[in-house]
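Visitor: This is what each chain is made of:
There are 2 protein chains.
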Amino acid sequence: MENLIIFGHKNPDTDSISSSIALAYLQTKLGNVAVPYRLGNVNMETQFALDYFKVSAPDMLESLDEGANVMLVDHNEAAQSMEGLDKCHIKMVVDHHPIAFTCSEPLYYYAEPVGCTATVLYKLFNKNNVEIPSYIAGLMASAIISDTLLFKSPTCTKEDKTTCELLAKIANIDVQKYGLDMLKAGTDLSGFTAEQLINLDSKQFNLADKLKSKIAQVNTADIDEVMVRKSEIEAAMEKELKDQGLEFGMLLITDIINSNSQVITLGNDSLVEKSYSVKVENHTAFLPGVVSRKKQVIPILTANVE
Amino acid sequence: MENLIIFGHKNPDTDSISSSIALAYLQTKLGNVAVPYRLGNVNMETQFALDYFKVSAPDMLESLDEGANVMLVDHNEAAQSMEGLDKCHIKMVVDHHPIAFTCSEPLYYYAEPVGCTATVLYKLFNKNNVEIPSYIAGLMASAIISDTLLFKSPTCTKEDKTTCELLAKIANIDVQKYGLDMLKAGTDLSGFTAEQLINLDSKQFNLADKLKSKIAQVNTADIDEVMVRKSEIEAAMEKELKDQGLEFGMLLITDIINSNSQVITLGNDSLVEKSYSVKVENHTAFLPGVVSRKKQVIPILTANVE
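Protein sequence lines correspond, in order, to chains A and B.
With the numbering used here, the residue at position 240 of the first sequence is 240, and numbering never jumps.
With the numbering used here, the residue at position 73 of the second sequence is 73, and numbering never jumps.
Worth double-checking, as some hints may not be accurate.
For chains that are exact copies, the list does not tell them apart, and a pair is met inside one copy or across any two.
[Claimed, not checked] In silico DSS-like cross-links for lysine-lysine, where the CA-CA straight-line distance does not exceed 30 Å:
1) Lys87 to Lys158
2) Lys203 to Lys29
3) Lys169 to Lys158
4) Lys295 to Lys127
5) Lys87 to Lys274
No lab work stands behind these hints, which were simulated from the structure alone.
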């Protein structure tokens, strides 16, 4: 029996929250004392899913005790994780991202190149012969819908879709109807200040090991609705780059209905222009078909950093 | 269908060779064109296993083409892998070591804190419903026997033992008898020069990210038989440290019958003394009960580097 602290990345999305809850459930069933935590505020999309399946949000993780046993879901890079992680025992990682990970003790590391951590987790439930209760299945399905934008993202694999459909059956939801409702719940950005908006789902990267960058993303059903706030958003981004010593910033405003993104970008226009063969004018450009930060932004920017 | 190049670490041991062959077999059954390779000479223990199960050694990997699809077994650190790996697509890692790995594309990463890669691979065969033929089972059992010193190493888990016994049944071998014969085949060191001897199973480490080190290990049924060549071995180690710009060198001479090691060490006596509460005299010390580089040497030295 082990005491386990389980969490996803900073600025948690639906996958990070749902997979923390699901892995904690699995570990509890395997005889451990496992508690899910979050590293930031719950966004509106995730809150919709939690409310729908009547699950409380995990508590905020305030600090990590030295020597704690932790499990990471949906991330592996220290920059996206909790401070003090290097003083903990990492027991397991379940993830679907590229790897930049160092750990001096052997551990369980399960990663697959699929669209969502929940898809990898689903196999762990099967492998351990643990039945998935309806509310956990609902959260896991929500995670897949969120990460794959209802199967429209290029990150979506056949396995993500099949797994989501199996989970939806257990959770008794109509994937298309529930999925669109959930995604739309995440697109009401009117209540956020510009500072909040650029931090709803943002991640820091050291692109090509040299360009300190922050790439944020918001989903919307109407790009124009966000772009009317462009100058306010730009000012917030500029302040953040300066305050955090970053060189490059990008906000993807992603149209979840038509699968395109408008970007607002600061610090390296030529990188964006070279990467996407577009012209950046007034710090903005339209990227047709681009919806996935992981698959269509990070690797392409990385390859084009000079 | 993918063309896959599969290999273990430099200075390959029985697990690296066997797991390369086994994973290539599995990938072939899954519809890919997969070829196992080795990154160095086959040692006598491994040759014994290959001969016993009538399997040819994999070809030596001479170079890696840019953009090749590769799978790694039994290692993940670039320093222990093939040059040019950073220009390849790493599709899968199957391993049981601590992780120091960076990869810009998502991939399959299966690691577990067990004693041998073959134990993790066994589950992959099951997961994919691929039957393990007798000769592959024999090689996989050999890998577990080798890595766990016939279950005596502290790295050995219950799962390693159970898996080895299941594999032995498929391969139709008596684990104890076959295992001791195989381990003993690896202990005849008389045919090697001192330079060869310190490179039979050696790995480079950057301990605590600052002490450039090489830790080698040989198995023997009689420590004295190796120690009569101490001055010759010391000279070879000294030359190697100098030539390769390393600061610390250690050779573990491991008694596989009684589970102890005599070490010959250069460059940092106080590190060894502090780590094991022993006195290093004339560059050598006896470490009772120490048989595992991974579990009883690297983490302890790392923790004691100043």
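Visitor: Could you run down the list of hints and mark each one as holding or not?
Guide: Quick rundown of the hints versus the structure:
Taking CA atoms no more than 30 Å apart as the test, Lys87 paired with Lys158 passes between copies only; the shortest distance there is 28 Å, against 38 Å inside one copy. For the identical chains of this complex, Lys203 and Lys29 are neighbours neither inside a copy (32 Å) nor across copies (39 Å), given an alpha-carbon limit of 30 Å. Within a single copy, Lys169 and Lys158 get their C-alpha atoms as close as 17 Å, which meets the 30 Å cut-off; across copies the closest is 37 Å, which misses it. Taking the shortest Cα distances, Lys295 and Lys127 sit within 30 Å of each other both inside one copy (28 Å) and across copies (27 Å).
Taking identical chains as interchangeable, the C-alpha atoms of Lys87 and Lys274 lie at most 30 Å apart only when they sit on different chains, with a minimum of 21 Å there against 41 Å within one chain.
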